[in-house]
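Visitor: Numbered continuously in the UniProt record's numbering, the sequence shown closes out at residue 212.
Just so you know, the hints here were simulated from the structure itself, not pulled from any lab data.
These numbers were taken from a predicted model, which means no experiment stands behind them.
All C-beta atoms, glycine included, are put in the ideal place defined by N, C-alpha and C.
Derived DEER-like restraints, expressed as beta-carbon distance ranges:
id: 1; residue 1: MET145; residue 2: THR64; range: 27 to 37 Å
id: 2; residue 1: LYS119; residue 2: ARG29; range: 32 to 42 Å
id: 3; residue 1: GLN148; residue 2: ASP116; range: 40 to 50 Å
id: 4; residue 1: GLU49; residue 2: LEU136; range: 28 to 38 Å
20 Å max Cα-Cα, derived SDA-like pairs, lysine to any residue:
id: 5; residue 1: LYS120; residue 2: ARG62
id: 6; residue 1: LYS177; residue 2: ASN188
id: 7; residue 1: LYS120; residue 2: SER60
id: 8; residue 1: LYS86; residue 2: ASP74
id: 9; residue 1: LYS122; residue 2: ASP65
id: 10; residue 1: LYS119; residue 2: THR129
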Amino acid sequence: MTEWKRKLAETGVPPESVGWAAFERTHSRQSEGSDEREWINSRAHTVAENYTKLSQERDSQRETDPSSSVCDNDSLFIQAAGGFDKKGRVFGYGAAASRLKPTKRSSSGIEDVSADEMKKMKALTAQMTQEQERMLEEQEKMRQMMIQEREMMEERMAKEREMMEERMRRMQEEMMKQMQIQLKSLMNKGSGSAPGDDGHAGDDDDDHNAPV
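Could you put together the complete structure from these sequences and hints?
Guide: Rendered as structure tokens:
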């Protein structure tokens with residue numbers, strides 16, 4: 001019995017199992033004091049993270065474009081594990097990796113799908129970049145508009161303040177003029193002429209001195 005089959009037998013996974021399902025059982029173990037499982041080493045953990053990321057990207061692509069061709073689980077696992085080495089093996093499978101190795105036709109299909117995905121990713125990245133630049137331009141325009149509105153408001157308030165000050169100054173000047181007029185009028189009334197001061201008494205003296 002090969003090492004791969006022995007591991008499958010220990011975990012209860014059917015010998016014909018391949019891909020992610022088998023890897024998940026043979027490269028993880030029960031955590032102590034917990035019902036959760038943990039990866040046996042850092043490389044297995046990295047492969048698991050890569051597979052999860054690729055699966056999420058595939059599912060997202062299915063949602064946005066249901067008609068597009070996507071990789072199956074085994075193809076995703078091969079990518080997550082780093083592909084086949086020179087001996088045709090995949091990490092964690094050893095000689096049993098021949099079960100995962102696609103035919104020439106399917107391999108070409110994987111490459112075509114990957115190239116198609118890359119084109120779509122580049123187009124999506126360019127679109128997102130343009131959208132981000134557009135949003136930044138709009139934000140800059142809004143900021144400039146706010147600055148202009150604030151400057152206009154400050155200028156308008158300054159003019160209104162100047163007009164108010166000018167109005168107050170004129171009112172004060174008018175009040176001072178009115179007060180001066182009233183004061184002058186009162187002073188004139190207080191210094192009015194007494195009886196006989198208009199020269200009539202002098203006329204009487206002239207009458208007495210006139211020849212008889």
